[in-house]
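Dock chain B against chain A, hints included.
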Amino acid sequence: NAGVTQTPKFRILKIGQSMTLQCTQDMNHNYMYWYRQDPGMGLKLIYYSVGAGITDKGEVPNGYNVSRSTTEDFPLRLELAAPSQTSVYFCASSYLGSHNEQFFGPGTRLTVL
Amino acid sequence: AQSVSQHNHHVILSEAASLELGCNYSYGGTVNLFWYVQYPGQHLQLLLKYFSGDPLVKGIKGFEAEFIKSKFSFNLRKPSVQWSDTAEYFCAVNAGRRDDKIIFGKGTRLHILP
Chain A
4 NAGVTQTPKF RILKIGQSMT LQCTQDMNHN YMYWYRQDPG MGLKLIYYSV
54 GAGITDKGEV PNGYNVSRST TEDFPLRLEL AAPSQTSVYF CASSYLGSHN
104 EQFFGPGTRL TVL
Chain B
155 AQSVSQHNHH VILSEAASLE LGCNYSYGGT VNLFWYVQYP GQHLQLLLKY
205 FSGDPLVKGI KGFEAEFIKS KFSFNLRKPS VQWSDTAEYF CAVNAGRRDD
255 KIIFGKGTRL HILP
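Chains A and B, in that order, give the protein sequences. The working numbering applies: residue 4 is where the first sequence begins, and numbers increase by one. The working numbering applies: residue 155 is where the second sequence begins, and numbers increase by one.
Chain A extracted, bound-state conformation (with noise of 0.2 Å):
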């Protein structure tokens, strides 16, 4: 298994430009997050799903949309980006039963110039 993937690793984006992470697990996960890293702040929840169809939002939302269509993927896109979301951002996943132990993708490391 590959677990969670994410692309792409590295972004610059211009700003009011928009673009899609894309997010992808092989797990059979029900429950998927996004989650944006900002040095000294710890993780902060953007949206989350707990299966298809369904999603929600977490602490900051705002700037942010998600689809989640199928189980595997968890696509997150930026309208109109701006310097404020320059940021590491990471998916994650996991399942019922488990907790909410969550297993964690690479990152996205997008800079907004």
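Here are some, though not all, of the chain A residues that point toward chain B, as calculated from beta-carbon distances under 10 Å: (1) G45; (2) S97; (3) N103; (4) F106.
It is worth saying that the hints were derived from the structure and are not from the lab. The beta-carbon is built from N, C-alpha and C at its ideal position, and this holds for glycine as well.
Leaving out everything else, chain B in the frame of chain A:
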């Protein structure tokens, strides 16, 4: 609302020193507790976890943590650190069956001097 506090933001130790990183949480019910480690340039990996049972849990690479319910704490320990333990450590809490999310602390950056 749940919260997780990690009191040590940056710790510097010499090799072979003992380590204890503090973690306190604010939820009063049943909790699931985790410590994750992030080595430089890498993603988060699970170090150890507590769901129930023996409050002293052992994880990978010689780490252990003790759940003290009365103190709302889940401190991470290692008797003798190595240079390869240089990393950032995150404590995380899930409010049992009521919640589909976990809350992370802000992390402790550990630097081990060779």
